[in-house]
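There are 2 protein chains.
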Amino acid sequence: MSKKLVYGFASGKADGNTDMKDLLGGKGANLAEMTSMGIPVPPGFTISTRACNLYFELGHKLPSGLDAEVGKAMRVLERVRGKKFGDNKDPLLVSVRSGAKFSMPGMMDTILNLGLNDKAVEGLATSSGDRRFAFDSYRRFIQMYGDVVLEISKHRFEELLEAMKKKRGVAIDTDLTAADLEKLVAQYKALVKKASGKPFPQDPEKQLWGSIMAVFRSWDNERARIYRQQYGIADSLGTAVNVQCMVFGNLGEGCATGVAFTRNPATGENLLYGEYLMNAQGEDVVAGIRTPGPISKAQSVGDGSDSLEAAMPECYKQLLDIRRRLERCYRDMQDIEFTIEKGVLYMLQTRTGKRTGLAATRIAFDLYDERRIRRNEVVDRIEPDMLTQLLAPIFDPKDKERAKKAGRRFGKGLPAGPGAASGVVAFSAEKAAEFAATKTSAILVRRETSPEDLAGMVASQGILTSRGGMTSHAAVVARGMGKPCIVGAEEIVINEKAGWMKSGGRTIKQGDMISIDGTSGEVFVGDLHPHPSEIQQVLVEKSMKPAKAPVYQMFARLMKWADRIRTLTVRTNADTPNDSSLARAFGAEGIGLCRTEHMFFGDARIGAVREMILANDLKTRKKALAKLLPMQRRDFEGIFKAMDGLPVNIRLLDPPLHEFLPNREDQFKVLAKEMGVKVATLKQKAEQLSEVNPMLGHRGCRLGITYPEIYEMQARAIMEAAVRAQKKGIRVFPEIMIPLIGTVQEYVILRDRVREVAVAVLAKAGVKVKYQIGTMMEIPRACLTAADVAAEAEFFSFGTNDLTQMTYGYSRDDIGKFLPEYLDRRILPVDPFESIDATGVGQLVEMGVKGGRSARPNLKVGVCGEHGGDPASVAFFHATGLNYVSCSPYRVPVARLAAAQAVLAEKGGTGSGTA
Amino acid sequence: MSKKLVYGFASGKADGNTDMKDLLGGKGANLAEMTSMGIPVPPGFTISTRACNLYFELGHKLPSGLDAEVGKAMRVLERVRGKKFGDNKDPLLVSVRSGAKFSMPGMMDTILNLGLNDKAVEGLATSSGDRRFAFDSYRRFIQMYGDVVLEISKHRFEELLEAMKKKRGVAIDTDLTAADLEKLVAQYKALVKKASGKPFPQDPEKQLWGSIMAVFRSWDNERARIYRQQYGIADSLGTAVNVQCMVFGNLGEGCATGVAFTRNPATGENLLYGEYLMNAQGEDVVAGIRTPGPISKAQSVGDGSDSLEAAMPECYKQLLDIRRRLERCYRDMQDIEFTIEKGVLYMLQTRTGKRTGLAATRIAFDLYDERRIRRNEVVDRIEPDMLTQLLAPIFDPKDKERAKKAGRRFGKGLPAGPGAASGVVAFSAEKAAEFAATKTSAILVRRETSPEDLAGMVASQGILTSRGGMTSHAAVVARGMGKPCIVGAEEIVINEKAGWMKSGGRTIKQGDMISIDGTSGEVFVGDLHPHPSEIQQVLVEKSMKPAKAPVYQMFARLMKWADRIRTLTVRTNADTPNDSSLARAFGAEGIGLCRTEHMFFGDARIGAVREMILANDLKTRKKALAKLLPMQRRDFEGIFKAMDGLPVNIRLLDPPLHEFLPNREDQFKVLAKEMGVKVATLKQKAEQLSEVNPMLGHRGCRLGITYPEIYEMQARAIMEAAVRAQKKGIRVFPEIMIPLIGTVQEYVILRDRVREVAVAVLAKAGVKVKYQIGTMMEIPRACLTAADVAAEAEFFSFGTNDLTQMTYGYSRDDIGKFLPEYLDRRILPVDPFESIDATGVGQLVEMGVKGGRSARPNLKVGVCGEHGGDPASVAFFHATGLNYVSCSPYRVPVARLAAAQAVLAEKGGTGSGTA
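If you read the sequences in order, they're chains E and R.
Going by our numbering, the first sequence opens with residue 4, and the numbers climb by one from there.
Going by our numbering, the second sequence opens with residue 4, and the numbers climb by one from there.
Treat the hints with care, since some could be wrong.
Chain copies aren't distinguished; within one or between two, either way the pair holds.
Below 25 angstroms or equal to it, Euclidean Cα-Cα: the simulated DSS-like pairs (lysine-lysine) are [claimed, not checked]:
1) K686 with K626
2) K771 with K820
3) K16 with K86
4) K512 with K7
5) K686 with K500
6) K122 with K201
7) K686 with K622
8) K408 with K686
9) K512 with K688
10) K688 with K505
These aren't lab readings, by the way, just hints derived from the structure by calculation.
Extracted from the complex, chain E is given alone in its bound form (with noise of 0.2 angstroms):
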C-alpha cells in the first residue's frame, strides 16, 4: 500500500476517483471523480482513512508525515486561490467534513470559515467588502468549532444568539447588523474560553489541526457506532477528511446555495428535485428558518417565479448538464450540494440519493429504459424490504412533518408492521370490535397482545404496545395481517384498566384518535389521513385496473423479472382461506406453515377448544374435539381451494394449551355455566395449566403425545378435507407437519398415528390422496439428530424462531429487557428473531439440512420461521439448500426478490449495488 496520505483535487485534476471510497471515504472519492469530470469543484484535498485508522492505532497520535503532506496540500490551495491561509488581508478559509465510505449520522459534519480569526476577519471584512459578511461567518465559525472540536453545546452559542435578537427585537439572524454579529463573536469568545479553559484559538494552522482530529475522533463517537452497528458497517473502515476551500453563498446578491436530487426521491420522478436559498450558506437550507424556493419550475407550487430556474437560468442550465454527467458516470440518482458564489456554481457533493421503495423501483426501470442499467442490475438495486413500502398505506411526509412541528409526536416504538394507520384508540379487544361494529377506525393499543386478542386486532386498523420486540405476538401477528404496528414503545405507559396512556407529559384517553407510522415507529396524536397502496388496490381490494396501476406495473415487472432468477420457492403462512387467496395474489407458491391453532379462537370455536382442554375425561374431551372438526374440515378446505395445485402444509396444535383459556372473571363464569362444572373447578384446571416456562414447556408435540385425539381430529380435519376438495376437482397436496420434535420416538408415534387416521379416511373415502408427513425442526435436538429425523420423516420444515430461542436461550417474549442494549453494543450485530444468526443458529440449521439429506437424499427443507420474509435471512437459507422458505402474505414480494438476489450474490453480483 502506498503511503500517500493526502489526496489532492483542484483545477480538473484529481489524485482519486470514485472508486476509492475505501481509501477517500464516500465525499473525497467523488470530490475528485468530479473534478476529473470537469465539474466545478472547489479545490481541496482528502487526508485518506488510513491516516485515520493510523491515529487510532497510535493511540490518538497523528501519523508522521501527514503533516507534510497537509502543509504539501494546503500550499496548492493557496496557489489555486491566490490566497494564503493565515493572512490577516485576504485570507484563504476552508471547511473541514468528514468523509467515511458510507455516510453516517453521528459522525462529524462540517466545520466552515475555517481560518478565521481576531485579525482575518477584518481582512475578510475588507477584502469581501461586506463586513456583516465577515462577522457572520466568523460567528458561525467559532459555534460549530466550539461544538464539535471542544465539545462546548451548540444550544449555549444559540441561547447568545438568541438573546441578541431578542435584544435587537429581530426574528431572523439576517436581520441582525454587523455590529450585532460583532459583539455576539465577543460573547462567543468568552463563552469558549469560560467553556474549555482557554482562548479561541487564534492560529488558523491550530484550527486545521484541531478540526481534522476532531473528525478522526468523531469516527468513534457513541452514535457513529451505533449507526455501524445497525447497518453492519465495520469498524475498521475509518473515516477520511476533506478539506476544501470555502465558497460562499452568502456573498450578497448573485449568490445561493442548494440541495438537490437528479431524480425525485419520493416517487422517482426523472426531474432534477431540490431546494435553493438566495444569499445563504448551505447549513441554512436544512435549518429551516427561511423557506427556500424549488429548483424548477416545474417543481414549483406557484407561478415559478420562487425557482432557481427563474432566478439563475444559467446557473439552472449548468447544473441540468451536471445532473446529465453525474447520472451517466453513476448510472444513478444522485443528491448533489452546491453553491452559487458571485454566479459562479460550485460542486460541494455528490452521493447516491436515498429514496422510497416507490423511487427505488421507478428510477431502476427508467434507468433500464434509458438503457444505463441492465435487468439483473433492476432487480439487485431495490432493496427487498422497500417493496413493502410499496405495499403498505402511507402517511404523507409532509402531513408527518407538519404534525412534528406542531408538538403531535406522541411516542416512538420499534417499527413492527409497515404501513401507516390512524383511528380512535382502544384498549381492549373488545373495545376495538365494538369500534369496528360501528365502522368507526381503532387502533387496539395494549401493553402485549395475547392470542385472546386477535378478534380485536383483526377490528383495528393498526396496533401499538408498549412491550415486546420485533417478532412478539404483535409483530408477528399484525405483520401476518399486513397491519400497521409499533411495538415496545417504552416510553409510553399504558394503564388499560383506567384506559389512558402517556408520554411526555400528554395523556390520551380511550376513543381519542391516534396515527401511527409502523414503518417508522412513530405515534402521532390526532388523524394523519392514511391511503392504501396501489398494489393493494389492484390485488387486494380489486379496486383498480391493472393498466390504470403504473406502480402495480412495475411491481409486477419486477416481480416477473425476479421470479425468473431465482431457484427458492416462497411459500406463505397463511391460515385462513382469505390470507391464502391474499398471499397467491402476492406470488405465493404454496402454504409452508399454516398454524392450525389459529382457527381456535374464533367465537364459535373457543368455547370448544375450553371444553376440550378442561375435560376431565376423555370422553368429555372427544365430545368437544368431534365439535370442533367439522370446523377444522372446512377451513381446511378453503385453503385448499385457495391453494389449488399447491402444497399447503399443515401444523398441528402447537401452543401451550393454556393459551386457550379464559384468564377473566366473567369468561371462567360463563363457560362453568356451558359445562356445567364450577368455576373454582374451572380456575383449578387452569391453574394446573400454567406453567413457569411455558415456551420450554407441555406444547407442540408433547401435546400430541399427552393427548392423542387432539391431532388424531386434526389428521381427520385434514384428510376429509382433503377428500371434499378433490372430489370437487381441486388438486390437493397436503402436507401434514408435527411440531417441536426433540426425538425420533416422539415423531414415529404421532406419524402412524396421523397415517393410521388418514389411511382410515382414504380407505372410506375410496379416494387417493398424495400426502406427506413431516416435521418441524426448532428444537435444537432434532437437528443434532436430524439424519435419525430424517429416517422417518418426509419433510423438515425449520422454524427458526423456537430454534433462535432455544439455541441463544432468548425468550422474544422477555428479550426487550436486554436486546436494545445487546444492539447498542453491537453484543449482537441484529436482532436474531429479525434475521438469522448464521454462525449459531444457522449452524444448526446446516447441520439439520446435512445430517437430514445423508438419511433421504431427496429430503424437501424449506423455513417457516419469520426469518422466511427477511431478506439477509433468505440469501442464507438460499446458500444452505433449502427448497423453500416461506412467510407472511405480504412478505412474499420482499422473499421473492430477495431469493433472486440471493442467485445473482452467488453469481458475484451484478457489478452493481445501491450503496
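Starting from the structure of chain E, add chain R where the hints point.
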C-alpha cells in the same frame, strides 16, 4: 445360530450353562449350571428366548419345531421321574416359569402343579395318599392358570377362598379340609367358565401351551415394558420359559420350602440368611400368612429351635455345602430358593442377590479378602449410587414394613434426596423456622419450593413437595444439603394456606408428625425414627472415631482404591464454607461451582439485595451493593480457607433478579418502609421485572451486561477475599466464572471488566494471586461457537442443566406435565436432567470440548450441572475428555467411584459385574 429352541437339564447333565443367559434367561442358565455342578435340581427344560422372539416376529404364533422339541423334552422328564404327563393315576406335574436375562417385576411369574385335571387330581390324591394336598394343589393351579393365562383377576379367586374360610370359621388356608377344597375347586372352575366363557382346560397339553404362550406375552405387558425402560433393558432380549418337574414342600412331614441369601443382603454379614416354612409351597413363604422360621440358629431371635438348622440338620448342612459351591462358582452372594420334599432337598433357583449399599460394600470387600475377586472388581461391583445409602440416615426396613401394615403409608413421590427423616409438618418456611427455633424437627411440605424457602429448607429435616421433578429447586437444593427429599408426590393435595394435606382420604395438618423416605419416595404418618449413618458420624458430626466405625473404614478403603484408578478430578458444588468443608471431607478436590446467589438469601442480606434490584438509579444501586460487598467477601474468604490449596470456581450472579423479590404483601410493606418508597412503586418495579419465560430471560451474563456494577462488586469481593486469605497463608486459586454466555462478545466485555477490577485490587494490595476467568457453557450457541469462546476464556464449565433445557426445549420446572408419560412410553430412555443425553446434549458437549481445545489446546474443561454426580453421566464425561466433574457434596463419593468405574469400563471391564 443353532436352530435348537429347547435346552434340557436333568440327572446332572444340562444343555446349557450360566453363561447362556441371553438364550436361556437368568433362571434357566443357572438351573442348567446347578444341574451340571451336581446340585440337586428338579429335572426340566428351558424354552429359549429365541423361541419367544420368533413368537412375536410371527405375530403371536408358535415357531415351527417348538412343538416337537417340547414334546421330546417332556418325554425325558417322564422317563427321569417315571411318571406320565396327563396320566390319571400318578400324573407328572410341572411348573412353568418365566426367565428373562434380567429378573423383572410384571412378568408372568409361576404356574405350579400344571398337569392336574378333574381326573388326575383323584390320581394324585391316591398316589400321594393325601386328598387334601391333591385338591389344594389343583385349587392353586386353577387360580394361577386363571390369573395369568386366562386373565381372570386373582382377587376373584381369593374372594371365593375367603368366603369358604369364613363359612368354615377358619383363619388360615391350611385349616380347610379336603372336602372344603374340593368344593372350592368346583367354585373356581365355575368362575373360570363364567369369566372366560369356556370350561377350565382339562387337557394337560393345552394347559402347557397356554402357559408357555402366557409367559411369552407377559414379556410385552405394560409393567414389564416400563421396568425395562427404567433399567435400560433392551426389548429385543425376550424371555425364556422354564418347565420343570414339580417337587412338593407341602407333602406333609419332612417337607419344607424356603428362600435364602448366601450372605445377609442388608448388612453383608457372611452367613446363610433366609426363611423357610414347613409343609408349604414356595408362594406361602412370601405370602406372609404364616410366619416363616429362620434358616440358622444364629439368625434366630429365639433359642434357635425354630430354625431349619434345628428342624432338618441334614438338609441345612447340605444347604451350607451348596452355598459354598455356588459362591465359588458365581463369585458373589446368591439369592436361592429351595424345596424339601420328604427329606430330599431340591434347589429351584439361584441368582446374584440384591443387596443394600452397605451389604454390597461389605460383601465385595469380604470376597476380596477371601481372594475370590480382585481389587478392580471390588471397585467395579459397587453401584456408585448405592454409596448414598451408606451416607444417608435411614429407617429400619422393619419399621417401614410395620407402618405399611398398619396403613400408615400416606403417599409416594419421586425419591429426590436419599435418606430418611421424621418431623412435624411445616407448610411454610417461616413455620419450619419456628419449629427449628423450639428444637422441633420439621419436614417442610410445599407444593413446590423457591429460593424464598431456603431458610425453611435449612431449618427442616427433610422436604416434601407435590410438584416438580428430580431436578426441581427442592430436589437440587435438598441433595446439595444432603437432606432427604421427596418431590412430585402428585397424589398428595396440599393446601398451604389452610394448613393441611390430603391423600387417599387421610388428612395431615400442620404440626402432625410424618416420616419421609427419600430413598424410596414413601411418605408415612407418624415417626419412624431415622438414625444417621456411621460415615456421617465420622466425617460430618465427628462424633465417632474412624477406628470404631467399620462401615466408614470400608468406605474409606473403597474410595482410596477408586481414587487410584480414576483420572477425572472430582470437585463439588458448594456455596458456603460449611458445605465446602463437608465436601472436602467427602474427597472433593476443589469447588466446581460456587453459586453466589445463594449467599443473597440470608436474612441480613436479602434486604440489601432487594434494595439493589429495586434501585431506580445507579447511585442507590451502588449503595446497596456496597452493603453486600463485605458479606460476600467474608463468604469467599471462608470458602478459600476451607479449600486451602484447591481451586475454587465462583459463578457470578445468574438467576433473574425477580427471584429475589418479595412475593407477599407484608414483605413488600417492610421493604417499602426500609427503602422509603411506596408499596405501589415497588410492586410496579417487581411487575416490570417479571417475565413470561424467566429461564430464557434477563439473567446470567445478560444481567452482568445491563447492571455491570453487580459483577464488579462480586469480582471485587472475590479478589479481596483472595488477597486476605493469601495473606493469612492460605493457598488460593480462584476461578471466576461468567454464566450463560451465548456470544463471545458478552464474554469479552465482562471478562475485561472483571479483569480490570482484579488488577486494581491486586495492585492496591501489592500481591500476586493466581486467578483465572472463564465461562459456563450452558447455551447451545456457546457450544456451537466454542472455538471463538475458548480463544478468550481460560476455562469451560458445562452447565448441563441449562444446556439440557435448551437443547431439548424442556423447562425443568414444567417437564412434570409430560415426563412421566415420556418415560413410560420410552420416548425418553431416562430423565435427561438426571442422566445426560449423550446423543443430543452430549453432542453439544463434545462439540464444545473439541471446538474449545482447537483454539486453546490446554483448555481446562469441567461440568458443574447436576449430571456431575450421576454415574452414567460421569462415564460420558470421562470418555469426552473432561478434566473434572463437580457435584453436590454428598455425591462426591459417588462421582469418585463412578470415575474409577469409567476407567475400568474403558479398559474393557473387569470381567465381572453385579448383574
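The hints, checked one at a time:
{"no.": "1", "hint": "K686 with K626", "verdict": "within (21 angstroms within a copy, 44 angstroms between copies)"}
{"no.": "2", "hint": "K771 with K820", "verdict": "neither (52 angstroms within a copy, 39 angstroms between copies)"}
{"no.": "3", "hint": "K16 with K86", "verdict": "within (20 angstroms within a copy, 123 angstroms between copies)"}
{"no.": "4", "hint": "K512 with K7", "verdict": "neither (64 angstroms within a copy, 88 angstroms between copies)"}
{"no.": "5", "hint": "K686 with K500", "verdict": "both (22 angstroms within a copy, 17 angstroms between copies)"}
{"no.": "6", "hint": "K122 with K201", "verdict": "within (18 angstroms within a copy, 127 angstroms between copies)"}
{"no.": "7", "hint": "K686 with K622", "verdict": "within (21 angstroms within a copy, 44 angstroms between copies)"}
{"no.": "8", "hint": "K408 with K686", "verdict": "neither (52 angstroms within a copy, 38 angstroms between copies)"}
{"no.": "9", "hint": "K512 with K688", "verdict": "between (37 angstroms within a copy, 24 angstroms between copies)"}
{"no.": "10", "hint": "K688 with K505", "verdict": "between (37 angstroms within a copy, 18 angstroms between copies)"}
Comparing the model with each numbered hint stated earlier shows that hints 2, 4 and 8 do not hold.
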